[in-house]
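Engineer: Please model the complete structure; the sequences and the hints are all you need to start from.
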Amino acid sequence: MKLSPKTATLLVLVLLIALSPLLFPSGYYYRVGALIFVNAIAVTGIVILTGYAGQISLGHAGFAGIGAYACALAPVHLGLHPGLAMVLGAVISGLMAFLVGRPILRLKGYYLGVATLGFGILISMVLNNERQLTGGPDGMEVPDLGLRGLLKDAGLDLTNGQFWYWFCGIAVIIGAWLALNLFNSPSGRALRALHGSEVAARTVGVDVTRLKLQAFVISAVYASVSGSLLALQNKFITPDVAGFMHSIEMVTMAVLGGVGSVLGAIFGAAVLTLLPQVLTVFAEYEQMVLGLVMMLVMIFLPQGLLPSILRRFRRGDE
Amino acid sequence: MLKVEGLRSRYGRIEVLHGIDLTVEAGEIVTVVGANGAGKTTLLRCLSGVQPVSGGSISFKGETLKGVPAHRRPARGLTQSPEGRQIFTNLTVEENLRLGAFLYHDDRVATDMEDAFQMFPILRDKRNLSAGGLSGGQQQMLAMARALMGRPSCLLLDEPSMGLAPIIVQQIFDVVSGLKSLGVTVLLVEQNAFGALKIADRGYVMETGRIIMSGAADDLIADPRIREAYLGI
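Heads up: the protein sequence lines correspond to chains D and S, in order.
Numbering follows the working numbering, with no gaps: position 177 of the first sequence is 177.
Converting from the second sequence to the working numbering requires adding 1000 to each position, the first position being numbered 1.
Hint data in this document are derived by calculation from the structure and do not stem from the laboratory.
There's no promise every hint is true.
Unchecked claim - Partial list, computed: chain S residues near chain D (C-beta under 8 Å):
1) Val1050
2) Pro1052
3) Ala1070
4) Gln1086
5) Arg1098
6) Phe1102
7) Arg1146
8) Phe1194
Stated by the list, open to error - In silico negatives: residues of chain D with every beta carbon more than 12 Å from chain S:
9) Arg31
10) Met140
11) Gln162
12) Phe236
Given the structure is predicted, the values throughout are model-derived calculations rather than measurements.
Beta carbons: idealized from backbone N, C-alpha and C, even for Gly.
Structural biologist: This is the structure in structure tokens:
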């Protein structure tokens, strides 16, 4: 039996997420796993924007910031449940992406990169400066989601780490499933087509402007949900979530793992979340080694880690 | 079917089309021939809407195309097969064809694809391969097949013979002349004047942004000035 790439990808993801805990030496690793998943969700959005549609954003942390601060602010000021606050954050991010995206997506290549960069910096500055609202650089507390308590009452007692591992793990699978469905849909094909040639895409009747905007909005929602989940599990948030470095991290994870494939990008998120933990043995040289690893991967495996490794395996079969 | 009057277009401050008049009747194959840089491709780009028009008018099936964006024109039956075989190299052959039928979601898509494979059997063999791996001739076939998937009533073909081996060029021209029996009207832009005029009903000769001569294709082939300037005979 031959599995479709979509089914195969989802199967691999489910198995990895379900079985990894068997190998965890301590509860701490649930926490690391949940962090990987949070990044994986944002990176899946980058795959849609950059991998499918070929548009680059250096400001997606801005949307993560909106999602995170929605979870911190909406429960306090609007009395919303934190779960609903997450939805509100996603809606605001989507609307913001729609408004910003219209003028910005006319730009191409590095002009688009710089424009999105500006957007990210703007959000980060607002979060830093509106002290009375956001607490400024000191950050602010985020209320408890309350779901773990409900599960406990229902007889399922999870540690905090375990709860967030499974909760975010399921979110990753849903996110990947949606992205893979998009890939094979007419809209997904059209996105990949305009990636190749916008002129040719227009000549077959693709509304290039609208589709690029759609991809931008969808990826912004992914980033927003990722930021919300980070805020909810840490129960504390600082403007760093919207910072420039976080935007760069998202793109780097996606490109390092393989920006054209959902599984590859998630793999990249895992590697770049884990690597700093492993590299602590290098102490103060950690950043240097990290940079070196990234450079070597891009030089020798330009398609990204996972696609390059898979190709090598396939060649072995023949 | 297609009527162009006094069409002007510019790249920045430089005007490259200085008032083009041209008509294409339903069922015709009309060709625009001329040397490199005469403005042939710009003309087609204006018709498909990817190049801004600075003056004059274009009407299609009696309606003006002014203000109709490029992506809305295929739905009206006007489809361009762009120069340089702009196929989607990162997609498979079949995905390219499906994109050609982007506007349609009915059963006819499957039969149209079957027709495309009948017309170009090589595409069937390679349907699941990346389009970037096709040879130049196969890419041109794919570009034409993709355009036909859009069910055009008028097909704009931009230099389909460019950079291809003579035997492939003949094959492509055969297919173009066969489109007539499918009820597709063709506007063919070509540097290969002889090949294009041979299959066309009428022809226009372009030079530096102007139409300098027009008439029945047979008359143009026989015209001594054309023979000397464009046919190298």
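Engineer: A separate judgement is required for each hint: does it hold in the structure or not?
Structural biologist: Quick rundown of the hints versus the structure:
no., hint, result
1, Val1050, "holds, 5 Å"
2, Pro1052, "violated, 14 Å"
3, Ala1070, "holds, 4 Å"
4, Gln1086, "holds, 4 Å"
5, Arg1098, "holds, 6 Å"
6, Phe1102, "holds, 5 Å"
7, Arg1146, "holds, 7 Å"
8, Phe1194, "violated, 27 Å"
9, Arg31, "holds, 38 Å"
10, Met140, "holds, 44 Å"
11, Gln162, "holds, 41 Å"
12, Phe236, "holds, 42 Å"
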